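Asks: First to last, the sequence lines map onto chains A and B. Note that this note's numbering numbers the first sequence so that position 76 is 76, with each residue one more than the last. Note that this note's numbering numbers the second sequence so that position 336 is 336, with each residue one more than the last.
Source of the hints: derived by calculation from the structure; they are not laboratory data. There's no promise every hint is true.
As the list claims (entries may be wrong) - Label pairs and their in silico Cβ distance ranges:
{"hint": "1", "chain 1": "B", "residue 1": "S349", "chain 2": "A", "residue 2": "S280", "range": "43 to 51 Å"}
{"hint": "2", "chain 1": "B", "residue 1": "S30", "chain 2": "A", "residue 2": "D330", "range": "37 to 45 Å"}
{"hint": "3", "chain 1": "B", "residue 1": "P568", "chain 2": "A", "residue 2": "R214", "range": "55 to 63 Å"}
{"hint": "4", "chain 1": "B", "residue 1": "G534", "chain 2": "A", "residue 2": "H302", "range": "38 to 46 Å"}
{"hint": "5", "chain 1": "B", "residue 1": "P568", "chain 2": "A", "residue 2": "S280", "range": "36 to 44 Å"}
{"hint": "6", "chain 1": "B", "residue 1": "K470", "chain 2": "A", "residue 2": "L263", "range": "28 to 36 Å"}
{"hint": "7", "chain 1": "B", "residue 1": "C494", "chain 2": "A", "residue 2": "R243", "range": "26 to 34 Å"}
{"hint": "8", "chain 1": "B", "residue 1": "D541", "chain 2": "A", "residue 2": "D193", "range": "37 to 45 Å"}
Remember, it's a predicted structure, so these values are computed and weren't measured experimentally. Idealized CB from N, CA, C, for every residue including glycine.
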Amino acid sequence: MGKQVSRKVQHVEDKVKDLLISVQSGQAISKEDINSLKARKLIVAQTWKGYSVRKGPNYAPKRKKVATDLTRENLQKGDWKELEFKEYNFNAKGPPAESGHLHPLLKVKQQLKNIFLQLGFEEMPTNNFVESSFWNFDALFQPQQHPARDSHDTFFLEAPSTTRELPEDYVELVKRVHESGGYGSRGVKYMYDWKREEANKNLLRTHTTAVSTRMLYALAKQPFSPKRYFSIDRVFRNESVDRTHLAEFHHIEGLVCDRGLTLGDLIGVLNDFFSCFGMSKLRFKPAYNPYTEPSMEIFSYHEGLKKWVEIGNSGMFRPEMLLPMGFPEDVRVIAWGLSLERPTMILYGIDNIRDLFGHKVLIHSANVVFLAAW
Amino acid sequence: MPTVSVGRDRLFAALGRSYTQEEFEDLCFSFGIELDDVTTEKAIISKEKHLEEDKPSADDEIIYKIEVPANRYDLLCLEGLAQALRIFNGQEKIPRYTVAEISKESMLKMHVKKETSLIRPFVVCAVLRGITFDEASYNSFIDLQDKLHQNICRKRTLVAIGTHDLDTLQGPFTYEALPPPEINFVPLKQVKNFRADELMEFYKSDLKLKKFLHIIENSSVFPVIYDRNRTVLSLPPIINGAHSAITLKTKNVFIECTATDLTKAKIVLNTMVTTFSTYCKRKFEVEPVEVISFDGNSSVFPDLSEYNMEVPLSYITGSIGVPLEVDEVTNLLKRMQLNAEKAGSGASSISVSVPPTRSDILHPCDVMEDVAIAYGYNNIPKRKLSSLKPLPLNQLSDLFRSEISMNGFTEVLTWILCSKKENFEMLNRKDDKSTAVIIGNPRSSDFEVVRTSLMPGMLKTVGHNKDHPKPIKIYEVGDVVLLDDKKDVGASNCRLLAALYCGANSGFELIHSLADRIMEVMGTTFVPVPDKSGYYIEQSDEPEFLLGRQAKIIYKGRRIGIFGIVHPEVLNNFDIPDPCSFLELDIENFL
């Protein structure tokens, strides 16, 4: 006998078919069923969107365009009355303004210049970067062995390497005061053979005091009249550039030349000068400077840093510097100097001096607007 | 300042010589008065009446209108003016004014009634005896009263002057204040008798007098002066009586000044009597009048005493800034009508007696001023304050900086030192050793030379700002240094201005227009080649720029600058991917 197939059940229930029929007819089926049918790729999910359309609150029978701006045409046609403006996004900033800018450092320079002018100071011509060692050092009673005159501090020149002429009479007096004193000075202070060749060496000026020296020398040749001078210009030091040092920076210098000036006058004028830009708490530290005696370092109390910071140097020019120029004995010169970069960095919150100027500075940093900063 | 009109010819006669107008102006100027206008009687009248001005004919009298200082009442008429100038010129000595010595009994008297204190409490009087008027001096006498009324008398509110023909009156006089209806008299220039209250009504239509009515109008009593026969002398400050009116023939003048301010009244009286005592028989002598108050107090006027002052010489010379000896100062003061001599006490002090004519002298500073005037302000050696001269080059640089910023360029500040390569090779330039200052001991190649152009710094700035949104518009005003045989040190600075545009295109036209703008703000005009009066642009051939798109700026025949599209090789040397145009010019040419 062969194998026989016999009915075991009366009915076959095709559940899948039923489910599919239910799906087809739009009836709901359970989530598990949907997932199992999906898994067997028997059904695919499809999304149908329906909209119901009726009149809204802004219903208009004709299409209306919203305006973004008022135009000349609007005014000419007179249709501005019907214009509806697109909502403006006031949370976004306006587009960048197209404008020119002054350099921040030079803005501070201008402010300082104004302060000097208000205090009755006259600007010195400082447009001479190349200077002789004589005017930069010797005339300032700075001995030829002074470390500042070393090549690692000063840019000496290959061309033009030496100066061609100096006022000979005056050079002789300066030489004498370096070698043997005079004018009440022991002179033995330095006691060395002063070399003309050293004085002739050209350099890039290391301070604008070189210009002040020339100005004072010219002033001493006239019948005496009191003067107040200032300058703000570029000076050069042979230094490696880092966060706090530049090979070029700006030197601010102020000096008063008059009969009978005292240390009290110097302290007074410094207070006037610095209080013009909000530094009214000053104190002075004794210091050494070859061409001033007494010399004072100027410290100001920084409210933000809560400490005293050095802001400049000052003093009375030595008689050994003034008398060879030909000034009467009772004429004194009080002077002070500081860099332009330091107050600017404090003012603009810049902590790297290289961000202040030079070609690597980002142009847009000039756009930082500070009005009436002090 | 008050203006006094005087006939030129009479004035010159009084000064004893004639002057050209220029000479007279100089005299006035140095004395501190001013010839304000030269006119004629006719012109003044036609001007007042707004008539077309007639051509002045030769026989019209020339009138000088002279402005005098407001405190010099003694200069308000020809007599005083001429006398002051004569003394100033050293033609005449200072007169000594005296009060006639007469006994109190024979002195004329003025009794002041109590009621006057309600309205106008003071009166001072004096008599000019034996005066001789001519038409001119008579007019001057009237004019001086007018001038005084206008100035020190504050339009008669403080002081009012009445002048009378004494021969028509009989003293003693009384100064009273009565209810208006009780006052009856024929006023000056009228023929009919008026009651004072009616008179006030009548004058309301009088152009000249109506402005004085308010002074007494609302008072219950009006001031009035009578003589012993109840003849009304005046109803001050409005009008005098017709009875005692002075004429050309008047010989003896009675002057009364009623006032609310006694000091001013005395000054006015003194000015009147001192000025016109010159026409008296006894020159410079004035007859006094006793004024007796209701309370019995008596005073005699005028008070012609001199006021004495001692002034240290050092004060005078120290203030003027001229070293003068005592004798020089006293001589100068005498020219200003101040009697002065060396003070007895201190060796270097001056005793000054101020005559009654000079009520303006209050303090030694007034004496010092007169010394300076007599010495001549324009003879005083100049002493100059130290002056502040701005540096023209820096001023000009700052003007350019703000102008170019306003043109939308951003200022950059670059290094003055750079490498040799950047200064020459990278700009396609050759170093012929004739321009650049070379550093002997550079610490790095960044500091080999002093720049001779602003171009490398500007291009380096663009090279380091690649991320900056285009276009880049930058400028710099700064110094370069060039070898210079004429300088002691062998090199000199030169102030240059440079501007650069960098974008998707070269911006050559924009840089061109900036060049024009710079020339425009310097007030130079664009002229055709080769005109030397302004500037023109001429094609150039420089290696750092693209040929055909570069040009020189020629100003007054000199090349002062250049602009052009930067040569692509140069751009490549500085690692700049975008086209650039560059302008550079020497601004020292504009000084």
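Asks: Would you mind marking each hint as holding or not holding in the structure?
Replies: Checked hints:
1. B:S349 with A:S280: 43 to 51 Å: Taking Cβ atoms as reference, B:S349 and A:S280 lie about 48 Å apart, which means the hint holds.
2. B:S30 with A:D330: 37 to 45 Å: The hinted range 37 to 45 Å holds for B:S30 and A:D330, with Cβ atoms some 39 Å apart.
3. B:P568 with A:R214: 55 to 63 Å: Violated: the Cβ-Cβ distance is about 46 Å, outside 55 to 63 Å.
4. B:G534 with A:H302: 38 to 46 Å: At roughly 54 Å between Cβ atoms, A:H302 and B:G534 fall outside 38 to 46 Å, so the hint is violated.
5. B:P568 with A:S280: 36 to 44 Å: violated, 56 Å
6. B:K470 with A:L263: 28 to 36 Å: violated, 57 Å
7. B:C494 with A:R243: 26 to 34 Å: Given about 33 Å between the Cβ atoms, the range holds.
8. B:D541 with A:D193: 37 to 45 Å: violated, 55 Å
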